[in-house]
Amino acid sequence: MKRWMMVLPLAVFLLMAVFLYKGLFLKPDELPSAMIGKPFPAFSLASTQGDRSLTQADLLGRPALVNVWATWCPSCKVEHPYLNKLAEQGVVIHGVNYKDDNAAALKWLAEFHNPYQLDIRDEQGTLGLDLGVYGAPETFLIDAKGIIRYKHVGIVDATVWREQLAPLYQGLVDEAKP
Amino acid sequence: MKRWLAAAVLGLSLVSVAKAAIDTYQFRDDAERERYQQLTKELRCPKCQNQDIADSNAPIAADLRREIFRMLGEGQSNQQIVAFMVDRYGDFVRYKPALSGRTWLLWFGPAILLAGGFVMLAVIVRRRRQPLASGSAQLSVEERERLAKLLDKEATHD
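Protein chains in written order, with full-length UniProt numbering: chain A, 1 to 178; chain B, 1 to 158.
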């Protein structure tokens, strides 16, 4: 028996421990978005209020959050007050009402306050599909040129905003200023 | 005991019932139906992770099936349809990932490991064989006599 063979089990164990430890912090339900770095997909949809039609050109000009939400999504209700707070602070947020009943969406916005500057009505989920949405809520960060820079799947709360979105958003705002 | 067995059998039968979501799509011909079935088995549901979209009841899987059906109706190729999905959901949705710099280990890793195993096996077999063969050939005359004596002793003991 060679001497080095004695440490082999320990080496194998340590290697496995490293991988398993890393595995503890993986989030397999969060996919890396294929959309990052791509322009916001083209669309032509009505607003939720039904008073105007919207296209991707309406999103241009300043960095913004694009929040995909629906009244059937419980997590959307959880994050809604925080979106209201961000909107109050002057953060530009657009809403995509995804595969939802429009009347319910209007009622929701009237009841819980509307943080969105543009309300995109995606009743069929076509825009959601083009965005690669697989569950609400999802929040995209786009720059002034309409390029998708970041995507967050799940609830936006104070921690997510502070640690992930705010620095990027601020960076984009500074970038947009000449 | 019997009751347990019955419960287990019932449980297993439910498993097979719960499989596969059912849509009613009218295909133009069998070839299109087959392509649809192949594509929905090859694409992974983004929401439910370990199911293909043929198997999943998640709303997103239903949407993707409808989209595949629509694109087949438009006469798009399998490649175009898969590219459409990858553009939106990333390589994640492919159960059969494309061969690229990032995936070659995934494709050839098992074969490399197998080849490595055979190499190791060959080395071990050869090492075991060599000392035996050379040892017996190098037995000197004296040694052989001693061996014969020892063997004789053994034989007389019995």
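I should point out that these hints are in silico values taken from the structure, not numbers from a laboratory.
Just so you know, not all the hints are guaranteed correct.
What the hints assert, rightly or not - Calculated lysine-lysine pairs in the DSS-like style (CA-CA distance at most 27 Å, straight line):
#, chain 1, residue 1, chain 2, residue 2
1, A, K27, B, K96
2, B, K41, A, K22
3, A, K38, B, K47
To be verified - Covered stretches of chain A, as calculated for chain B (at least 3 residues, CB under 8 Å):
#, stretch
4, 30–40
5, 123–132
Cβ coordinates follow ideal geometry from the N, Cα and C atoms, glycine included.
Tested hints:
{"no.": "1", "hint": "K27/A x K96/B", "in the structure": "22 Å, holds"}
{"no.": "2", "hint": "K41/B x K22/A", "in the structure": "30 Å, violated"}
{"no.": "3", "hint": "K38/A x K47/B", "in the structure": "22 Å, holds"}
{"no.": "4", "hint": "30–40", "in the structure": "holds (count 5)"}
{"no.": "5", "hint": "123–132", "in the structure": "holds (count 5)"}
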